[in-house]
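K.L.:
Below, each chain spelled out in residue letters.
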Amino acid sequence: MRVTHLGAHQNALARIGSRLSDYSDSQNRLSTGKKLTRSSDDPIGMSRALELRAALSARQQETRNADDGRMWLDLADTALQDVVSQIQRARELAVRGATHIGSGEREAIAAEVANLRDDVVALANSTHQGRGLFSGFSSGNAVQKIAGTWSYTGDAGQINRRVAENEVVTVNVTGDVAFGFAAGNDIFTVLDNLEAALNSSDTAAIETSISGLDTSLDTVLGGLGTIGARTNQIEAANSRTLHNIETLTDQLSSLEDIDIAEAVLDLELQQTAYEAALAAFAQSSQTSLVDFLR
Amino acid sequence: MSDFISLYTAFSGLAAAQAGMDTSSNNVANASTPGYTRQQVDLVSRIPYYRRYGVVGQGVDVANISRARVVGLDAQVRMSASAQGRLDILGDLLFGTEAVMGEPDDGITAGMTVLWNSFDELALNPPGTSARQGVMSAIDQLATTISGVAEKWKIEETTAANSFSVYIDKTNAMLGEVAELNRQILNARTLPGQPNDLLDRRDVLIDELANIAGVTASTMENGAARISLNGLSLVSDMMVSPLSFDATTYAVNHSSGAAVEVGGELAGYQSYLSNELPGFVNDLNTFARELADALNAQHSSGFTPDGSAGGPLFTYSAGDEAATLAAAITDHTDIAAAGSGAPVAEYDGVNAEALSNLRWSMVAEGGTTTLDDAIRSVISFVGEMTAAAQSGARSQAALTTAAENARLQAHGVSIDEEMVHLITYQRAYEAAARVMTAIDQNLDTLINRTGVVGR
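Protein chains in written order, with our numbering: chain A, 8 to 301; chain B, 3 to 457.
Source of the hints: derived by calculation from the structure; they are not laboratory data.
Heads up, a few of these hints could be off.
To be verified - Stretch by stretch, here's where chain A covers chain B in the computed footprint (C-beta under 8 Å, at least three residues):
{"#": "1", "region": "97-104"}
{"#": "2", "region": "112-122"}
{"#": "3", "region": "355-368"}
{"#": "4", "region": "418-430"}
As the list claims (entries may be wrong) - So, partial list: chain B residues that the calculated Cβ filter (under 10 Å) puts toward chain A:
{"#": "5", "residue": "Leu-126"}
{"#": "6", "residue": "Ala-347"}
{"#": "7", "residue": "Val-352"}
{"#": "8", "residue": "Gly-385"}
{"#": "9", "residue": "Glu-386"}
Unchecked claim - Computed cross-link-like contacts, BS3-like style, restricted to lysine-lysine with a CA-CA straight-line distance of at most 27 Å:
{"#": "10", "chain 1": "A", "residue 1": "Lys-41", "chain 2": "B", "residue 2": "Lys-154"}
{"#": "11", "chain 1": "A", "residue 1": "Lys-42", "chain 2": "B", "residue 2": "Lys-154"}
{"#": "12", "chain 1": "B", "residue 1": "Lys-156", "chain 2": "B", "residue 2": "Lys-172"}
Cβ coordinates follow ideal geometry from the N, Cα and C atoms, glycine included.
Make the full structure from the sequences, and use the hints.
P.N.:
Pasting the structure below:
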């Protein structure tokens with residue numbers, strides 16, 4: 008084959024150019040730490056990476072949602088636990104009041120029962136950041152005495168938190184269920200009745216109140232059970248989500264990030280190749296027949 | 003005729019060697035001139051002289067100084083250059099188109115995740131001002147990003163359209179130059195020999211035309227080049243038929259009114275302007291419309307804190323959805339987080355949840371996929387087109403280089419070869435001069451030393 012000098016030079020130049028371009032690509036990859044910077048680098052890979060990014064962001068939001076949900080459930084749990092101990096205390100007092108004791112002592116017990124009732128009302132109306140724990144979506148008090156009757160003044164709003172992909176957990180219990188309004192045996196009226204029975208020393212009414220307290224206790228414990236179950240659900244979902252985040256991060260990294268060791272090796276390889284191309288040209292371009300004619 | 007004939011024979015050798023050295027020195031001087039074709043002296047022996055005893059040669063003539071041109075190689079180079087031009091331009095244009103999308107960090111997908119999460123945050127605290135501001139800024143950000151991409155694509159389109167028009171003009175100007183060279187070459191035919199340098203210039207011009215417009219060329223019997231595209235003549239002798247184009251469809255027409263299919267860089271611009279970019283714009287418009295419609299519909303089924311139904315979140319004008327997409331909400335109290343009205347419970351975030359859950363709803367591409375998937379497929383589509391053009395350009399570059407090399411190896415100047423030629427001609431010159439000396443001595447003997455017997 009006939010070889011011309013211009014052709015040989017252009018060939019060498021093209022080869023050096025392509026080596027330099029490979030070398031600079033390796034350098035770029037190593038300095039950015041990314042092998043996937045644009046869709047055209049690998050359209051399928053980038054599409055997958057974007058999907059992973061979206062999923063990752065959704066999962067991260069879900070852990071935030073779960074944390075928020077956990078907080079609601081914990082606060083409601085604490086409040087209801089307190090309500091349980093108040094009911095238990097009220098029951099003890101009622102049992103003592105039902106025995107043959109003096110009416111003065113009954114009145115003292117009645118006063119304590121009134122205090123307990125106020126405590127329970129306060130617990131039922133407890134808020135977090137201005138928002139009622141048991142009042143659903145409503146912003147007002149959950150429980151109020153309206154025209155001498157205890158009423159639930161919240162609404163039936165269910166606060167939902169998405170805690171994992173396709174998993175929504177209701178993180179509130181509304182006061183009408185938790186305090187027995189829905190079952191027609193609300194704890195506040197029971198306590199009111201107990202107070203009145205104690206004041207009037209009506210032992211039969213006290214007995215009725217005791218059985219009312221037992222029903223209320225069951226209701227509140229039922230609410231606590233629901234909260235416990237939902238807490239477990241959130242915990243399980245959240246640990247799944249956290250695990251998911253780990254997997255997604257790994258997958259994203261393996262798609263987008265370079266393997267440092269491999270990249271360093273590649274850079275050295277490209278550098279050697281580039282230098283070899285330069286050296287080869289420097290060697291071969293120096294000689295021609297002209298050097299040997301005299 | 004007698005002995006003097008040999009003197010002329012020797013002189014013809016001197017002249018031929020001189021012409022050979024002139025040609026070689028011109029070749030060496032042009033060793034790195036682009037488009038230069040190596041020239042060679044074509045020597046023929048002169049018509050012999052018939053004598054009684056036989057035929058005596060009368061020396062050598064320089065018949066021509068010709069270009070070492072292989073026509074088949076030109077056709078290959080030009081075909082490659084045409085494909086290369088198209089893919090290079092398309093690759094460059096698509097590269098820019100892709101870059102303005104800002105994926106994966108600052109693009110539409112990032113804006114989408116921010117928006118979805120802002121709805122989640124709103125659901126966590128429906129009356130919270132910061133959550134509401136978050137939704138507003140996410141909507142604004144997403145609308146700006148989408149319309150920004152569409153606007154930048156419009157700029158890309160304008161730039162490409164301008165270049166297309168400039169390249170059409172350039173093509174026409176170059177066709178004119180070819181016609182002018184045709185004229186000069188035809189004129190030069192009245193002189194002896196070939197107008198090698200004009201031929202070289204014309205070949206360079208035709209190479210460039212092939213790269214720009216994908217023309218093919220053939221040489222007519224009279225030596226003029228005929229330039230044509232899809233069989234329609236663009237230059238014939240000195241006549242030029244210029245190209246024109248339609249500014250809306252980017253279709254190219256021959257001066258006869260017939261449509262021509264251009265190749266080369268023009269085809270790159272044409273394909274980008276009439277095929278790739280409109281496809282992307284159309285996809286982005288569909289996405290913007292479906293995004294706005296789905297979110298607006300969901301938002302309007304919710305209620306703002308004052309109990310009125312939610313208004314639209316996004317506005318757009320039909321037909322140009324992506325570029326005109328804008329946030330429609332200016333006050334955070336216009337965000338409808340609640341799911342039921344009359345009266346609105348302060349902490350009702352049911353509609354915020356529903357808005358967040360839209361991310362999994364099949365509302366895009368006519369209800370067949372999710373919005374996230376839809377925008378991802380737009381991005382993939384742009385990426386695939388770009389990658390295809392770029393890898394096509396890379397593999398075509400190998401073919402182009404190979405074709406150019408093959409031609410350069412055949413047409414180019416080899417210094418070593420010229421040195422060998424130079425030595426050959428130099429020796430031939432010396433030998434011819436020696437022959438002259440010998441004849442001169444013979445004549446000297448004949449003229450000065452004969453007939454002196456008895457002097």
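K.L.:
Okay, which hints does this one fail, numbers in order?
P.N.:
Violated hints: none at all, because every hint is consistent with the structure.
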